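Now for the letters of each chain:
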Amino acid sequence: MSDLRTAIERATPRRKRWPWVAGAVAVLLVAGGGFALTRGDASTGRAAVAGAPVHGGTLQFALIDYQRSPDPQWGTNYAESLIGNNVTDKLTWQDPDTGEVTPWLAESWEYNKDLTEFTFHLRRDVTFSDGSPFDSEVVKANFDQYVHGDEKLGINPNGAILLPGYIETLTPDRYTAVVRFEKPLASFLQASSFTANAQPGFLSPSTLKLSAEERTDPKKVIGTGPFVYESWQPQVKTVLVRRKGYNWAPPALKHRGEAYLDRIVFNTIPEASVRTGSLTSGAVDATLDVGTTDEKPLADQGFKIIYRGVSGTSIFFNLNSRLFPTDDIAVRRAIQLGWDREAIRKTVLTGSYSVATSVLAPSVPGYVDYSGSVLRYDPEEAGRLLDEAGWKEGPDGIRVKDGRKLVVKLLGISNLVANKPAYESIQQDLKKIGIDLRLTVVPIPDYTALLTKAKTDWNVVAANRSRNDPAVLNLQYGPALGNGSFVTKESPGIDVDEVTRTLGRLELTLDPATRKQYAKAAQDLLLDKYALVNPVYNPSQVIAHADHVHGIIFDAQSRNHFVDTWKSNGK
Amino acid sequence: MLRYLALKIGRALFVVWAAFSLTFVLLFVLPADPVDLLFDPAEVNAVPPEVREQVAAGYGFDRPVILQYLTRLGHALTGDFGTSVQSGRPVVPTILDVLPSTLLLAAGALALALVIAFVIALAATSARRAWVRDLVEALPSGAVSVPVFLSGILMLQIFSFRLGWFPAFGDRGARSLVLPLITLAIPVSGPIAQLLVRSFATEFRSGYVTTSWAKGATRGGIIVRDVFRNAGLPALTIAGITFGNLIAGSVITETVFARQGVGRMTQAAINTLDVPLVQGTVVLVAAGFALINLIVDLIYPLLDPRLRAALATGRAA
Amino acid sequence: MTVELDALAAGRRAGFARPIAGRLGELTRQPILVASWLVVLVVIGWAVAPGLFTSYGPYAGDASASFLPPSAEHWFGTDRLGRDLFARSVYGAQTTLTATLLAVLIAFGVGTLVGLIAGFAGGIVDTAVMRVIDVFLAIPSLLLAMVVVSVLGYSTQNIALAVGISSIASFARVMRAQVLAVVTQDYVKAAYGLGVGRLGVMLRHVVPNSLSSVIALAALEIGTAVLAVASLGFLGYGAPPPQPEWGLLVAEGRDYVAVHPWASILPGAALAVVVIATHRISTSYRKDHRR
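Residue numbers (UniProt numbering), protein chains in the order written: chain A, 1 to 571; chain B, 1 to 317; chain C, 1 to 291.
Keep in mind that the hints were calculated from the coordinates and are not lab data.
Incorrect hints may appear among the rest.
To be verified - Beta-carbon label-pair distances, calculated as ranges: (1) C/72 - A/395: 35 to 41 Å; (2) B/64 - C/197: 50 to 56 Å; (3) A/351 - C/153: 36 to 42 Å; (4) C/155 - A/51: 54 to 60 Å; (5) C/55 - A/398: 20 to 26 Å; (6) A/388 - C/153: 33 to 39 Å; (7) C/153 - A/495: 34 to 40 Å; (8) A/342 - B/62: 49 to 55 Å; (9) B/62 - C/153: 47 to 53 Å; (10) C/123 - B/212: 35 to 41 Å; (11) B/211 - C/123: 33 to 39 Å; (12) B/4 - C/212: 26 to 32 Å; (13) C/113 - A/351: 55 to 61 Å; (14) C/190 - B/211: 21 to 27 Å.
What the hints assert, rightly or not - Pulled a few chain B residues facing chain C out of the computed Cβ check, cut under 8 Å: (15) 10; (16) 14; (17) 18; (18) 145; (19) 146; (20) 150; (21) 252; (22) 285.
These figures come from a predicted structure and were not determined experimentally.
Cβ coordinates follow ideal geometry from the N, Cα and C atoms, glycine included.
Please work from the sequences and hints to get the whole structure.
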């Protein structure tokens, strides 16, 4: 019955023509989309108006992250430190070019010979946006809570890592604060200017009394900075407005008075292509976190690309000195020599990034260039070192020694776009000299979970650390601190005390010449003598902005300050 | 009827409780330590032990797991899910803040998906030409064949950046909802349409339709009067299932279009092992899911006379 | 009128057991079905013997050939490290197909069994099983997937496992609904009346008659699983590098979509073609079955 009816309904012969149509439609769509995508915008034709800064206007800024809480002393992502920097000020300002620490909220300072006591003389004209004055009591209250936390208020000891051995802050008079430490801490001077994660920006006494929960009301988070919170919408945006009466930008910036902009909107846009598209379509004036492949097309369309390398260490491979096979210094040296830096520069990096030439980024005081010596591409030499050490090529091309294969296991974080391809490129090159580099490049939670077993499970941990001071080497590799290469008594051929001493000295002096010498000794030790680290590339913070935007500042930690930023169209 | 209702509500409550408990277990099975995730990943191995202990104690992560569970359960019963580990904000307002935009997105997408699915099924069933029917029947597979993030990004490239018809990101009124809705609705409509096409075809051949046919009813009349009502049931079921997934599954759409929402919040919370926030979200999704299925269960007998009769004689499952 | 008669004849022929020649004859009248088969066979060929389809290796990068557009030499263009994207797609077929089949098998196998047991046993078993299923539906599948991947480790198999597990619930629900519908049918009652045992009824009548819907779902699930793997890649839970995998190719290519659109669109198009072809084949079987 139903067959009959179906047959009658199908008065036309069964012909499957639909896929042709569907196929044609799909092809048209793809072609049309491709055309629309590749066509490129006509030149925007905006003329650059240089000259006197224009007051007023709203800067629409795009970035990948969002603030999980408006509290600037809390937080581990870029949005949190970036926005915190524009709401709060620090005691000192580190010159991003010279590394010199210069005045900010502290007009001058001195320290004792042991580097355990630092005395700051504060500016007297600084106020919080709620009108309360900034003085030594505020410095004390901030540092105490920053280092110790407050369990009742649910505030974490955010500064405990930055200020190890903090004892107390003394307040001999209203505008003098003395910060005391248990042990010499030369890096504290730089720490007083620190602008990256969990930064020591000053909050008003009224804010310090608030619990973590109450601090999620942005209006109650009060700083001395050039901008104040207007609103905070997690996942979406944070809006800052100009602080009236602000007049204490770091003197080194030569900016007088209030910020030029009326308002900044930090828009969170997770997808790289959407950030770029929003910039080209004019929805935002500037965007951070520019995809590496988008830099050139944006520049071609007349957008300005500005960048600064992330100061501190490069992206490094920390080589585990006590785990087979990286416990063999020949293997560690072969890894340093065995990959083509030029290939990574050409395929993965752009002009805003650079191949690492030391474990320190070039902007860190005391940086030394090793590109001509240990950090060069020399596969023959790498092969020779491995041959000498008894690593013989196996049937599958991977070297073998005493029946064990030369398999090197790497743990890395997938947060930076360039990481995976850079590591894959190194993997390709190392394979050619008989090293099987196995990559586990994962999101942050898995990384931290796997990191707990790094000592016994991973030959290589790939990461970086943002701190514009050579003491970062001690924090990262000091056997009693970060111990990035797991230097212990089980590390063959390594004198643990020597490593401790050589790195620890960086905290013992603030004399630039001596410090430079110590920094060189530390790098020699890490890169050459023991070959504990294989630096890969220097990550960068890249901003693309329309040409009507001027004066975005990168600080020593490569975070941005907008006090001097203005828009020539004033909108 | 009252007993039926009580039974269904009891089941819904059970589902919510079990989801709460299972989530707790899953979060503890995950190898990462929530305390670690409060620090900069590059500094994790440099955190002094006493600082870690202090932070763990501050959140109660140092107490025995079973105690943590019971405390959380006890509080949850009073509607208190604690405060988010990552922001310090209470969980309930944190969720309520982002819930409307996700609900709007999910409900809109589901409605749009149902419309698309019904249109496809109607077109497929009423098409007199075989090739038209085949073309239409192929649409559901096309709908689920492109990754959401790719279709979303491509639509943005074309309609926002090239043509400038819609805003590219954020939540700025109705126009900013168009692209996310379409992006989310298309893949959801696939399975529903597939199901509808099949059940329309099945119903079309069943006895009562033949009867109507014999009585001289028109094709359109049959579709609307008989088929539509009966074939709608499975679609309703699958819509119920889909809705819960839509709320949590909106994460990709929300990420691509930079919208705030429960999906993105859940992803961030899972990624940072923000136990209170994840649990709050799961209970919310589970409760919503249970509620929708409860409603579906209650509507079912109204729509299908066969089930209604079964219910009256007490044989309902 | 002649046309109608022809069609009538065709319909009737379809209703009976058809000789193979007839089937083949019909196939020639369905070029798209043939094309779909070709697509699937080619992709299976890619998975089994990738070396026959491309002269490039999937891992061999050439720094001077970064992001080349599609050309006669590189059909899909090259990626950032200068690896041939067509070769990566060809070699990726194995990873992707294995993962997909595994995911669908898990979801289909476990889900169908659970649904069958629930629907056929009824009573307390049904209630208990379905509550568990409800709980699984209520928990975000992303959480489930993350737990599986994080705990068992990053590999294509584990990602497939994660995707499979999170789809069990929907299979179970659909299967149960079908079983419930079939059980009340007259022929099942008749079978009982004839003295056939419960197991016999289940195997002979309930299973075959319930499966068709679930198989339709499984066909869709093939596509869904490929996409779910891609989505996990999008969220950062992808196969370990440098292993090529389709979803990951699309997910990683999306960042360059404005500049090098082919890097994600071409693998994406290949993926879509395969998914559509699979569905087309599955519907052809269903129609044969139906008529």
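We went through each hint and held it up to the structure:
no.: 1; hint: C/72 - A/395: 35 to 41 Å; result: holds, 36 Å
no.: 2; hint: B/64 - C/197: 50 to 56 Å; result: holds, 51 Å
no.: 3; hint: A/351 - C/153: 36 to 42 Å; result: holds, 38 Å
no.: 4; hint: C/155 - A/51: 54 to 60 Å; result: holds, 59 Å
no.: 5; hint: C/55 - A/398: 20 to 26 Å; result: holds, 24 Å
no.: 6; hint: A/388 - C/153: 33 to 39 Å; result: holds, 35 Å
no.: 7; hint: C/153 - A/495: 34 to 40 Å; result: holds, 36 Å
no.: 8; hint: A/342 - B/62: 49 to 55 Å; result: holds, 51 Å
no.: 9; hint: B/62 - C/153: 47 to 53 Å; result: violated, 28 Å
no.: 10; hint: C/123 - B/212: 35 to 41 Å; result: holds, 37 Å
no.: 11; hint: B/211 - C/123: 33 to 39 Å; result: holds, 35 Å
no.: 12; hint: B/4 - C/212: 26 to 32 Å; result: holds, 31 Å
no.: 13; hint: C/113 - A/351: 55 to 61 Å; result: holds, 59 Å
no.: 14; hint: C/190 - B/211: 21 to 27 Å; result: holds, 22 Å
no.: 15; hint: 10; result: violated, 10 Å
no.: 16; hint: 14; result: holds, 6 Å
no.: 17; hint: 18; result: holds, 4 Å
no.: 18; hint: 145; result: holds, 4 Å
no.: 19; hint: 146; result: holds, 5 Å
no.: 20; hint: 150; result: holds, 5 Å
no.: 21; hint: 252; result: holds, 6 Å
no.: 22; hint: 285; result: holds, 6 Å
Of the hints listed earlier, those the structure fails to meet are numbers 9 and 15, in rising order.
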